[in-house]
Every structure is written in C-alpha cells, then in structure tokens.
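Enquirer: Keeping their order, the protein sequence lines are chains A and Y. So in the working numbering, spot 89 of the first sequence is number 89, and the numbers just go up one at a time. So in the working numbering, spot 78 of the second sequence is number 78, and the numbers just go up one at a time.
Hint data in this document are derived by calculation from the structure and do not stem from the laboratory. Cβ atoms here follow ideal geometry from the backbone N, Cα and C, with glycine treated the same way. It is possible that part of the hints are untrue.
[As the list claims (entries may be wrong)] Pair by pair, the computed Cβ-Cβ distance ranges are:
| no. | chain 1 | residue 1 | chain 2 | residue 2 | range |
| --- | --- | --- | --- | --- | --- |
| 1 | Y | 71 | A | 52 | 23 to 33 angstroms |
| 2 | Y | 15 | A | 77 | 41 to 51 angstroms |
| 3 | Y | 5 | A | 61 | 33 to 43 angstroms |
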Amino acid sequence: AQSVAQPEDQVNVAEGNPLTVKCTYSVSGNPYLFWYVQYPNRGLQFLLKYITGDNLVKGSYGFEAEFNKSQTSFHLKKPSALVSDSALYFCAVRDNESSYKLIFGSGTRLLVRP
Amino acid sequence: NAGVTQTPKFRVLKTGQSMTLLCAQDMNHEYMYWYRQDPGMGLRLIHYSVGEGTTAKGEVPDGYNVSRLKKQNFLLGLESAAPSQTSVYFCASSSGTANTEAFFGQGTRLTVV
Chain A
1 AQSVAQPEDQ
11 VNVAEGNPLT
21 VKCTYSVSGN
31 PYLFWYVQYP
41 NRGLQFLLKY
51 ITGDNLVKGS
61 YGFEAEFNKS
71 QTSFHLKKPS
81 ALVSDSALYF
91 CAVRDNESSY
101 KLIFGSGTRL
111 LVRP
Chain Y
1 NAGVTQTPKF
11 RVLKTGQSMT
21 LLCAQDMNHE
31 YMYWYRQDPG
41 MGLRLIHYSV
51 GEGTTAKGEV
61 PDGYNVSRLK
71 KQNFLLGLES
81 AAPSQTSVYF
91 CASSSGTANT
101 EAFFGQGTRL
111 TVV
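Could you put the whole structure together from the sequences, leaning on the hints where they help?
Expert: In structure tokens, the structure reads:
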C-alpha cells in the first residue's frame, strides 16, 4: 500500500537560513513524488516533482528536493528562506501499480521568522 | 482559464441533510479526486476516478458517494450528513499519466451542525 510520512508538524527557521522539510514514502512500484504548498484559505499549488533521472529536482519559488531511493525519502529544501515561504507544505506520492491514486502526507507547517 | 472549479465554496448543513458538491475541470483531464482536509490529518483521499464512468474508493469513502457521468465533472454526494463530515473538501484533477501533477480547486468549507 502507498503511504507518505511527514515526521514534522512544524518547522521553524530564520529568514535567510536554509530550510528542509522532510518526507518519506512507501510504494510497491516506482514512485512518482510531488511537493505542494498551501497558503491560508487556498487550494494546493504544485511546487515540484520527481519522476526519474537526476535525484535533485528544482521547482518553483527557488525550492528544490532531493530524491533518495535507499532511504525512501524526498526532502524539500531551499537555500535561503523567505518570510513569504511560511505556509503548509504537503508531500505526495503516486504509485504506477495502484491505479494512480495520489496519496498525501499529513503536512508540515513552515514558519519563517524575520 | 478556470482550471478546477468547486461549487459551492461554503455550506452549512443540518445533521441528516443531503448535498452534492460539484467539481468541474476544463483541462480535459482523465483523473479526478476528492479529498477532505482536517487539522493534523492532512489530505485524505475520499474517492477518485480514472476516467469518465469510473470511480474508486480512496482512504475514507464511508458516508460519501461519487459520480463521473461526464469527463469534466466529478460529483461528491453526502446522503445523510454527520458532524464528523465537517471539513474542507478539495477536488483535484490530473492528466491520464501517473507522472503528472494534479491541479486543485479552491476548496469547499462544509459545516454540519
């Protein structure tokens, strides 16, 4: 069965510092991994995805994520955080052997302080 | 370019009432999804569809029914609403390949009293 875990409910970081939001996954087939961001009272917005190839993928707003197959992880990163990055972040996985269900983690709230 | 549109945006129901949430997408997407979002629980998949005329159960399907009679629409029904169904509901759609991202609607905030 597919599953996604985001072990941190909240991540706090100072503006200008690097940030990492953690995600681990479990699938039976090849994983397709996604990161989304949600601002207050809004829907989810796509940030980036890993399909195949280079383990480091770059996305919107300066975010990137590193795929690690041996650790089954897909951590979201940004070299220098902005206050405007404060939001709720979701990791998601799709399994190409499970009728393309898209399963989300529980979300991590990122708080960037000035 | 509307993308994914959910109707209504807000609704208050009394226990036992029924209602239908409508999701419409104009991107010719094959896959459509209904999620509910609750504090601390993230997004949980209620039902999904991989094409017109097909539906499948997700993680939390009990108390909900869905229909996909037209490719562009995915309806979520609550036959007899319960307070436990108070939540924010999101619809999403994606193209017919597993490696594509999903697009989300703005959500429907439902309160059952």
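Enquirer: Next step is simple, just say for each hint if it's right about the structure.
Expert: Tested hints:
1. Y:71 with A:52: 23 to 33 angstroms: holds, 28 angstroms
2. Y:15 with A:77: 41 to 51 angstroms: holds, 45 angstroms
3. Y:5 with A:61: 33 to 43 angstroms: This hint is violated: roughly 25 angstroms between Cβ atoms.
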